[in-house]
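Trainee: Assemble chain D onto chain X, guided by the hints.
Here is what each chain is made of, one letter per residue.
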Amino acid sequence: MVIFGASGDLTKRKLVPALFRLAYDRRLSAGFAVVGISRTPLSDDQFREKMMEAVKSFSEDTQFDPEVWAAFAQGLFYVPGDINDPGLYQRLAQKLGEIEQSRHTGGNVLFYLSTQPSQYGQAALGLGSAGLGKGSGWRRLVVEKPFGHDLASARALSDELHQVFDESDVYRIDHYLGKETVQNILAFRFGNGIFEPLWNRRYVNHVQITAAESIGVEGRGAYYQEAGALADMIQNHLLQVMATIAMEPSASFHATSVRDERSKLLRSIRQMKPDEIRCNSAPGQYGPARIGGAQVPGFRQEHGVDAESQADTYAAVTFFVDNWRWAGVPFYLRSGKRLPKRVTEIAIQFNPAPLAIFDGEGTVPNLLTVRIQPEEGISLKFLSKRPGTGMTLRPVSMDFNYGSSFGERSPSAYETLLLDAIIGDATLYTRQDMVEASWTVVEPIQTVWRETKYDFPNYAAGTWGPKSADEMLARRGHVWRKP
Amino acid sequence: MSTTLAPERILREMSDIWVDLAKQADGDASAGVLRSCSMTLVVIAQEGEDAMALGETLAALMPEHPARAIVIWPKRNEPLAAKVTAQCWMPFGQRRQICCEQIEITAPEGSMPDVASVISPIAAPDLPLIVWCRCRGTFEEPGFGALAEMANKVIVDTSAWPDGKGAIGRLAAMAARGITLGDLSWTHLTRWREMLSQVFENAMYLARLPEISRVRMRYNAANMEPMARYMGAWVVNSLENAGVRVELTLEPGADDPAVELSGKDFRVELVRQDGRMITTVNGLSDCTSLPPSSDYLLLSEELGIVQRDETFERVLALAARS
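Heads up: the protein sequence lines correspond to chains X and D, in order.
To get the working numbering, take the position in the first sequence, counting from 1, and add 7.
To get the working numbering, take the position in the second sequence, counting from 1, and add 805.
In case anyone wonders, no lab produced these hints; they're calculated from the structure.
Don't take each hint at face value.
[Claimed, not checked] Pulled from the structure, derived: some chain X residues nowhere near chain D, Cβ distances all over 12 Å: (1) S66; (2) H169; (3) H182; (4) S257; (5) T263; (6) P304; (7) L400; (8) S404; (9) E450; (10) R482.
[Unchecked claim] Quick list of simulated restraints, FRET-style, between CB atoms: (11) D821/D x A314/X: 32 to 42 Å; (12) P947/D x G397/X: 32 to 42 Å; (13) D825/D x D432/X: 45 to 55 Å; (14) M405/X x E869/D: 55 to 65 Å; (15) K888/D x E255/X: 41 to 51 Å; (16) F389/X x M857/D: 32 to 42 Å.
Keep in mind it's a predicted model, so treat the numbers as computed, not measured.
In this text, a Cβ means the ideal position worked out from N, Cα and C, and glycines have one as well.
For reference, chain X alone in the conformation it holds in the complex (with noise of 0.2 Å):
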């Protein structure tokens, strides 16, 4: 596995921890190796010792045991370099070389572009340049994202990519697909013959997506200020996670049939007007607040942002899905920084009982949810009678969590999506007319918000987002959930 950016974040937090969980699980194959590339100059020793510190620190629930480090180090490897320098890949080619002598690797290469996105397409030429798009093993590209910043940029890159790998060879990475529940939504579906009758517009009324965040930019408000929470957030992992709760059985669980399924629903989302955009959507920007006893900063007067910025760091949008299963049901899909706390969520909202024979609480509809993060779980809330006399109804939930029912981790995203495509499995990754079908829905919301001028700030940090979030959800008579 060949690591471009490998002294960034991603590397030392996801990427290396994730590979040595691997290891620690015999997941990897004994000859497994990874080359780091980065402009900075190390030696492979001293990759190997930044890579081992990074391992101690951000392994969560992995033990650090020095003999399966010390094996898994021996298969480390760094290359210093420029991504822009033709040189590099020559050096590349010869460590490769080397490494498929050495460790048997049979010329099989994953290539990882942790980078600036900026760099995506130099990389993939580069290595076609040096003839590493072909070789007498496999060879694939994981690309983080943004996958472009919009429809057209998204196109260019995948164009670029092109030249030198296929579409099959290509995995683009959105790490929500890679969480343990997001998976078991299709198993929750697909798995069970109780919810799928259940599954479509007669049944369910609306759909929530939350993707909160507690936290702020946390020292990336120049990115975010350019980014933004819809494209940041809502353009990739909400619509991914909502064309997984949306889509159609697939055949098999064969990933050409479970992505073609999933591309089909993303195509399906109706692309608004400027006048529908202002009505269904939403974006906010986080105002300075106390919370807890602490007093935290607004956007605005994060390090590296303009003063005057109109940057959303929250986005809502409602979403329709113009097919026979969803016709009418709106989907809305929120996310933002300095919301009240770090939670990922999905809440189905079922049609309330036809008839109130109770009095009080005898409407209440059943939420089914799907929690993504942090504990990961289903919750099915129904109404009960309340013991005594008399006919009182309460709600309560039937709970299902992963930590206390397997009572066993489970593995992190990058860990999945990592074997995955070691493996060759795609189904968990992001093919590109997925991205352009997204971005088809998303960019002209984007271009309204940015041709309009917002009274930010609009939320205090530490609050569920803006009135007009609350405002877009109750023209249809609905509300937000607080999860």
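Mentor: What follows is chain D alone, placed relative to chain X:
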């Protein structure tokens, strides 16, 4: 003195508790723990009150009203801090424990706005949030409003407040802002109201209802004024609904609380003496047991009514006007 509370840390500790409890089950599906939660119960304790007694009340409530309990302890000289534990019990004849989460927050003076800002993230989602405010001082703090607004119901006990009429006025003002309230002083009256209603289940007495012209409430001024005012308002309102207009008098200074409805040749009296309720109609007496209520019994009854109690709201508004 005040430091900070991090909701994420509290949530993580809650999560860890369940994983630890599940591990203790050691793969035995029939043992282990069952997580139970039907609401979030925020309890604002009084500074210096008996922690053990309050703990026992909550422990008694949990099997009937399993809740994520958040107990806020006002402690003038201690920093803002939180501690997470689990409240567990083993149902008779079963091998599986049932557990609820409990979070204890120590809150120095003036920190209620800081505490209120962490309640929303740590409350159990999609379930009612009930605030039981045992501390009158906190109820009147400006920061309490934010907490009350996020609650489905706020429960207080005005019998512990010094000025009964003023207490009812403050509650009525809060109710007018759309906040759903419960008052244990009103909950105390459930049995009284039942007993009085039962008198008029007798058709002969019901027929004499129009003879009633006067209602007297006798009570101990030390802690029963809100109860007397509520009871008086409820009786007057009930009689008015039946087309009977009466004069209400409140008479503090009695050792044994009583309600008396009287007219020219008809008199009904309910008086409580030594743990008994004595009902007398035109000199004919009946006696039933009425043991003293406890916080557990009163709160258990109030937690059974999560939605608005329209009768209480009507009585509260009338009592505040009288």
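Trainee: Check the non-interface label on H169/X: least C-beta distance to chain D beyond 12 Å or not.
Mentor: holds, 42 Å
Trainee: Can you tell me whether the CB distance of D821/D to A314/X sits inside 32 to 42 Å?
Mentor: holds, 41 Å
Trainee: The output says S404/X does not contact chain D. Does that hold with a beta carbon cutoff of 12 Å?
Mentor: At about 7 Å from chain D, S404/X fails to clear the 12 Å cut-off, so the statement is violated.
Trainee: Beyond 12 Å from every Cβ of chain D: is that where the Cβ of S257/X lies?
Mentor: holds, 31 Å
Trainee: Does the Cβ pair P947/D, G397/X satisfy 32 to 42 Å?
Mentor: holds, 39 Å
Trainee: With 12 Å as the threshold, tell me whether P304/X passes as away from chain D on beta-carbon distances.
Mentor: holds, 15 Å
Trainee: Could you let me know if the closest chain D CB is still more than 12 Å away from the CB of T263/X?
Mentor: holds, 37 Å
Trainee: Please settle this one: E450/X was flagged as non-interface, so is its CB more than 12 Å from every CB on chain D?
Mentor: About 33 Å separates E450/X from the closest Cβ of chain D, which puts it past 12 Å; holds.
Trainee: Within 32 to 42 Å: is that where the Cβ-Cβ distance between F389/X and M857/D falls?
Mentor: holds, 37 Å
Trainee: Find the nearest Cβ of chain D to the Cβ of R482/X and say whether that gap is larger than 12 Å.
Mentor: holds, 22 Å
Trainee: Can we trust that S66/X is non-interface, i.e. its beta-carbon lies farther than 12 Å from all of chain D?
Mentor: Given a closest Cβ separation of 17 Å, the condition holds.
Trainee: Using the Cβ atoms, figure out if D825/D sits within 45 to 55 Å of D432/X.
Mentor: violated, 34 Å
In this structure, the hints that do not hold are numbers 7, 8, 13, 14, in rising order.
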